[in-house]
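So the sequences go chain by chain: A and B. According to our numbering, the first sequence is numbered sequentially starting from 1. According to our numbering, the second sequence is numbered sequentially starting from 1.
In case anyone wonders, no lab produced these hints; they're calculated from the structure. One thing to keep in mind: the hints can contain errors.
[Said to hold, decoys possible] Below are the DSS-like pairs computed for lysine-lysine, each with C-alpha atoms no more than 30 Å apart in a straight line: (1) A:K44 x A:K71; (2) A:K44 x B:K60; (3) A:K62 x A:K44; (4) A:K83 x B:K68; (5) B:K68 x A:K44; (6) A:K11 x A:K78.
[Stated by the list, open to error] Just so you have them, the derived chain A footprint on chain B, three or more residues with Cβ under 8 Å: (7) 43 to 49; (8) 100 to 112.
Idealized CB from N, CA, C, for every residue including glycine.
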Amino acid sequence: EAGVAQSPRYKIIEKRQSVAFWCNPISGHATLYWYQQILGQGPKLLIQFQNNGVVDDSQLPKDRFSAERLKGVDSTLKIQPAKLEDSAVYLCASSLRFIREAGNTIYFGEGSWLTVV
Amino acid sequence: GNSVTQMEGPVTLSEEAFLTINCTYTATGYPSLFWYVQYPGEGLQLLLKATKADDKGSNKGFEATYRKETTSFHLEKGSVQVSDSAVYFCALSDPNTGNQFYFGTGTSLTVIP
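Using the sequences plus the hints, can you model the full thing?
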């Protein structure tokens, strides 16, 4: 079974530029998450989708970050304009359809490493 | 609210030493508990999980027991190997809040030969 796919793996941009990350979840997984992981810290949830609807985006900096999940499958996370403090790993994850089931595991992609200079 | 507190690292052990990484949690409901591992340059991988009190999760020689009375989920391994060097994250999910995951800050483990 294919895992969560993300691209690009690495990106270096200048501040004030824009960047987009793509994610393809595990087939059949209805819930998709984007996390930000700053070096030395745990992942912080940015946004959670259930199919193509947003469940939680309370920690998404909406003035510069946006995310969409068209057709309930692939998702794109965009940052525009980028700031130095956005340097982090952006992790996409997915989980099965029944989100209220105990022990429902989330599966992570390898991450997209962003450096803003 | 929900939160996870992990023992701070970094932790350095000799090969074959015993490992304990402490994790305690705060939850409003009945969460599921997880340990994830992150190897250098990679994403997080599920190591083990437990969904109710007194459950023991185990995988690759690692174990953790869900202790409701002490709100803990400590990770243990009897004999670590160099290949266990990684960052370990404790996490909880609350089915009553759409299974949102809450992660600890991670504990870096280095095993030296």
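Q: Identify every previously stated hint that the structure contradicts and give their numbers, smallest first.
A: Hint 4 is the one this structure does not satisfy, whereas the remaining hints hold.
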